[in-house]
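Visitor: What follows is each chain in one-letter form.
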Amino acid sequence: MHLEKTGANELTITGNIKSIEDSLKIKGEVNKILKIDGSRIKLVIKDSFSMTSTVIGFLMKLVHHDKIQISTSVGDSRLYDLLDELNLVQLLNVLKRS
Amino acid sequence: MTIESLTLKPEELVLLYVEDDLLSRKLGLFWLNNLFKEVVVAIDGAEGLRKYFETEPDLILTDQMMPEISGLDMVRTIRADGYKTPVILMTSSIDNQVLVDAINLGVTRFIPKPFDSKVLANVLNDISKQIVSERLFEKHRKQEMELLRYRDNYNSIQQEAAQNKERHVVRHDLRNQCLTDAGRIRWGVEVVHSPRDIMSGDGYTVRQLPDNRLLIFVVDAMGSGLSASISSLLATSFCNYLMEHLLHSCHCSFEFRYFLTLFKQYLSGMLMEEEAISCGFFLVDLTMMKTDLALFALPPLLVRNLDQTIHRIKSSNPPFSKYTDDIVVSSISLAEVADFLVVTDGVTDAELVTGKAYREFIEKDFKNSPTLAAFLRRFRLKVSDEERDDQTLLHFRRLDLPFDWNWSSALSPSLEALGNAVSEALDSLTKEISLTVANRDELEIMLTEALTNALEHGCLGISSEEKSSLVQLGEYDEVLASRALPSDSRILLKISLWRRADQPLLILEIHDSGSGVPLESVLKIVSPTAVCGRGLRLIERYCDSLYIGNPGGCLLILKTLEGENEYAS
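Protein chains in written order, with the numbering used here: chain X, 1 to 98; chain L, 99 to 667.
Chain X extracted, bound-state conformation:
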């Protein structure tokens, strides 16, 4: 998995989010971005078909506790379906990239 800051508040994730290391890296990078502007973040998840529960829990904490506005752009429909099944589409403002 590879992370790239593609805008002031935008993080682009390439590859599958599947390991403990991936979860820790995403948490660290998102926290770094939010230190500069702590109100919103956009995640562009290019091709991952899944997401670890650690990342899901972390994003939910950002929304509920830190009141961060998250928008998520998802490239793989399997990830979109997973987030939909977990009732997270609305909370994480998930959009399917065509």
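Treat the hints as calculated values from the structure; they're not laboratory data. Each statement offered as a hint is correct.
Under the rule of at most 30 Å between Cα atoms (straight-line distance), these lysine-lysine pairs were calculated in the DSSO-like manner:
| hint | chain 1 | residue 1 | chain 2 | residue 2 |
| --- | --- | --- | --- | --- |
| 1 | L | 565 | X | 67 |
| 2 | L | 592 | X | 27 |
| 3 | X | 35 | L | 565 |
| 4 | L | 135 | L | 182 |
| 5 | X | 27 | L | 565 |
| 6 | L | 216 | L | 149 |
| 7 | X | 67 | X | 42 |
| 8 | L | 622 | X | 27 |
| 9 | X | 25 | L | 592 |
Taking CB as the label site, the calculated pair distances span:
| hint | chain 1 | residue 1 | chain 2 | residue 2 | range |
| --- | --- | --- | --- | --- | --- |
| 10 | L | 182 | X | 96 | 40 to 46 Å |
| 11 | L | 253 | X | 93 | 35 to 41 Å |
| 12 | X | 8 | L | 479 | 44 to 50 Å |
| 13 | L | 616 | X | 32 | 34 to 40 Å |
| 14 | L | 479 | X | 38 | 47 to 53 Å |
Where chain X lies over chain L, by a calculated footprint (3+ residues, C-beta under 8 Å):
| hint | region |
| --- | --- |
| 15 | 511 to 523 |
| 16 | 571 to 582 |
| 17 | 635 to 646 |
Idealized CB from N, CA, C, for every residue including glycine.
Please build the complex by placing chain L on the supplied structure of chain X, with the hints as guidance.
Guide: What follows is chain L alone, placed relative to chain X:
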């Protein structure tokens, strides 16, 4: 409300009167004002159109011959917008083309000019009746729609209640749990129950007896619809009641033949003259390593031995009916059994695209599939969803199989060490078997989730409630980093590969030194607003089955390794 009470008279209607000739207009208005509730006047076709759309009158009385926009041109524009207001066309002469256009535009009546008041009164009376009739029809249509909506809503509520009742009656005491035999070998039971309608003609119950034996009942009431559902529900419900009654009220040990006799007595009273049911009773005794069977016209039981041979066990009894007399009970030894599959005829009789029945393929698919999920994937590829009857599949299986390859490691309980262990385990597995990219990624996700669970909930003893509250307070990461691990904390990861079915089966086993994942976490539905509890859902998404091994923290994950083009042929 009667039709009479709805009858409209001209004095209750609004008329649009379009006449360009001043004298005719004044004369007409003098007479029409006494007849209608309101007369909207327009001096030509253009004004007629504007006033029509402003007032939406009940009917239109218009002159045909007017400058610029004729009466018919005005009607044409009104009709083009979809309005069907009745129109009376006044004209001093009619040529054929005007007549044809008027008919095509749905002009209701013609009145010769100058009009005769009696003729006009008759025409208005007729049209009023027509308007009433149309409004009555529309009102009835709306009432019907309302009634249908109400009935639909009512039926939905009833169907949901019936479905809840059905779910309440079927029981599975061992869902996601292991049962251990005398040799410490673990077994599991999995059931897939897919009703075609809201109420199913199939039913089942899986009950654990206090002495660790297992009573399984699968029923398929012959026929379809509500009657079959009621029979199946009553039989299942009585089976549950009888077991509880024998154990708790009579305080006697559970005796299979006595149970069957009492069941027969109940069922012969409940079934109708021509009614029959297919069903099977299984008493699994893991101490004696045997299963007693009483099968009544169920499709043959498929049994796989550890050496990969498949046996079919046919029912020894005809369908259960009012007239069932002697019951034949047989027995199979479990010593060499790897697993067995029980299905109802909704599976064997399912029609394939080719027109054949699935029974021709069931044995081969069972042989190829080491898990129920893998079997179902093959079944669903062959059978279309529309063709499905009620289907029940029950799979009883050994979870500790004589493995062909295994890997195990005691892991240091830290996130970093667990992450490394996942890579190491998968690298080792890759040396043994070729994994597709998708298989490897899915295995990595499952191991990540399972090991994180083992650390957080097992070794650190953080409950779901505590985690949820810490996450919401934003303190979870700090607590996770700072909480001291008990000195005896350990996590053990075991991976075994079983290659005796045509597709290899991978068994992931994660032990932790804590109390492990509570069964409730596996069974409960995660609330959309919950901040945690999704790890197990993710594992379930990518695995074939998931079992909690007690006592202690143990999670068993089964996954069939399927090649990407496995089913291409």
